[in-house]
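Build out the structure end to end from the sequences listed, making use of the hints.
Listed here are the chains, written in short residue letters.
2 protein chains.
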Amino acid sequence: MSDTFEEKDFSPAFILVRPQLAENIGSAARAMMNCALSDMRLVDPDDDHLCSRALATASGADEILYGAKVFKTVEDAVGDLHKVYATTGRARDMIKPVFTAEGMVNDVKALNAKCGVLFGPERTGLENDDVALADAIVNIPLNPKHCSLNLAQAVLLVGYELFKSTDATLPQRLSMPNTELANKEEVGHFMEHLETELEYAGYFRIAEKKPRMMRNLRNILARASLTSQEIRTLHGVLADLTRK
Amino acid sequence: MSDTFEEKDFSPAFILVRPQLAENIGSAARAMMNCALSDMRLVDPDDDHLCSRALATASGADEILYGAKVFKTVEDAVGDLHKVYATTGRARDMIKPVFTAEGMVNDVKALNAKCGVLFGPERTGLENDDVALADAIVNIPLNPKHCSLNLAQAVLLVGYELFKSTDATLPQRLSMPNTELANKEEVGHFMEHLETELEYAGYFRIAEKKPRMMRNLRNILARASLTSQEIRTLHGVLADLTRK
Chain A
1 MSDTFEEKDF SPAFILVRPQ LAENIGSAAR AMMNCALSDM RLVDPDDDHL CSRALATASG
61 ADEILYGAKV FKTVEDAVGD LHKVYATTGR ARDMIKPVFT AEGMVNDVKA LNAKCGVLFG
121 PERTGLENDD VALADAIVNI PLNPKHCSLN LAQAVLLVGY ELFKSTDATL PQRLSMPNTE
181 LANKEEVGHF MEHLETELEY AGYFRIAEKK PRMMRNLRNI LARASLTSQE IRTLHGVLAD
241 LTRK
Chain B
1 MSDTFEEKDF SPAFILVRPQ LAENIGSAAR AMMNCALSDM RLVDPDDDHL CSRALATASG
61 ADEILYGAKV FKTVEDAVGD LHKVYATTGR ARDMIKPVFT AEGMVNDVKA LNAKCGVLFG
121 PERTGLENDD VALADAIVNI PLNPKHCSLN LAQAVLLVGY ELFKSTDATL PQRLSMPNTE
181 LANKEEVGHF MEHLETELEY AGYFRIAEKK PRMMRNLRNI LARASLTSQE IRTLHGVLAD
241 LTRK
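Protein chains in written order, with this note's numbering: chain A, 1 to 244; chain B, 1 to 244.
One or more hints might be untrue.
Claimed, not checked - Cβ-Cβ distance ranges computed for the label pairs, FRET-style:
hint: 1; chain 1: B; residue 1: Y200; chain 2: A; residue 2: Q20; range: 47 to 57 Å
hint: 2; chain 1: A; residue 1: D62; chain 2: B; residue 2: G60; range: 30 to 40 Å
hint: 3; chain 1: B; residue 1: S165; chain 2: A; residue 2: A201; range: 21 to 31 Å
hint: 4; chain 1: A; residue 1: R243; chain 2: B; residue 2: A132; range: 20 to 30 Å
Stated by the list, open to error - 27 Å max Cα-Cα, derived DSSO-like pairs, lysine-lysine:
hint: 5; chain 1: A; residue 1: K164; chain 2: B; residue 2: K164
hint: 6; chain 1: B; residue 1: K83; chain 2: B; residue 2: K114
hint: 7; chain 1: A; residue 1: K164; chain 2: B; residue 2: K109
Bear in mind the hints are in silico, worked out from the structure with no lab data behind them.
Note that beta-carbon positions come from the ideal geometry of N, C-alpha and C, so glycine has one too.
In structure tokens, the structure reads:
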């Protein structure tokens, strides 16, 4: 699942350009690990990416920091890549395709070749000279009035879109630990039990309304997606409530 | 665009349950601001969400912190909400619908009512008693081997999915600042200029191959999506290269 990119060796490289603080490099490594990415590259970092502060914020993603390659220039860092994307929150006076993060992921997948994503320094973002080296720009869709992200958060959002694209999980699934949904017969038996007791209690005062009243109760039960155990619990509740 | 949720007052509340550190509350506020969300609620926080450390990491999202409401219990915090989602990375022994972040957003939009999302304490996540108060669980799809996120990152990913759902931006658009794409006539003139010079230089050694050679060159130009200014630049380059 998460290994699709890895197996084909098309897992994009994440290239941190002149990162300033070791803590942020560590947090970015953790975010990459969250998204099953591992190819971290550093261009001329201001701080030591293997110092204790980096390892502390990496929070278990040490192997990504130890595996990170350090380059002097962006050109060196992107040499083996077939397509490079530059993340930037600001508009640039440059003619270049602009993708959302999700659009970039679709482009990467269509390309079937090794790509890389550039992330700029914390304070200033990428310089125009860095952006000029990229084939395309990535703008993460965010509140236009407040779109400045810290480094690890930008890494996380791009990585999350990449991970999502490899994840076949359905958008909704019902959690069913150690148990099973009741079958319709079990639900039916409980409805009969309930109907008997309601009849006995005089709940159906107007005979012609009974079918609708029963249907309403059945609907409530159906919507609750009850398990067999829960049906047994309800039988017990009903029995105790009606014991004279 | 980003105001859709606000205008209808269906912008979900983000409820931080027993957050431990003011810095994390501040970072969560910044992430909410990034995603154009504003309804922050705090349940029994361990730290002061208006202290200088919180305001420093909020990085401009002070108004969210000042507007945050503090509650003693999760029950109090969710009283006015119609549906509550609990974010959790761990499987719970509970029968509840489980959504991805994107699936949750679809559910919220279909509901058309005020919702809330619970986020647990940094170290432990939500307790089962908190999760039991929610209608559904949200699992953010991430590397199953390393899915632990810090608080602000969980807030950011759920907020990002909410923001994306209100953003009509196309997945790809061409950035065209202060200039226009060359029209086909301009491109055609340059191709003629190039053909003349290549003819003169003896580039077309085998006559029957000339159409294909020209087509290949034309393809390269077409793919580059050149502007009028860039066409003029290329005319100049060609003229200078062929000046004897």
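We went through each hint and held it up to the structure:
The hinted range of 47 to 57 Å is satisfied by Y200 (chain B) and Q20 (chain A), whose Cβ atoms lie roughly 54 Å apart. For the pair D62 (chain A) and G60 (chain B), the supplied restraint of 30 to 40 Å holds, since their beta-carbon distance comes to about 33 Å. A C-beta distance of roughly 47 Å is found between S165 (chain B) and A201 (chain A), which places it outside the suggested range of 21 to 31 Å. Between R243 (chain A) and A132 (chain B) the Cβ separation comes to about 28 Å, which falls inside the hinted range of 20 to 30 Å.
Of the pairs offered as hints, the one joining K164 (chain A) and K164 (chain B) holds, with about 14 Å between alpha carbons and a cut-off of 27 Å not exceeded. Between K83 (chain B) and K114 (chain B) the CA atoms are separated by roughly 7 Å; this keeps the pair inside 27 Å, and the hint holds. The suggested pairing of K164 (chain A) with K109 (chain B) holds, with an alpha-carbon distance near 21 Å, which does not exceed 27 Å.
The earlier numbered hint that this structure contradicts is number 3, and it is the only one.
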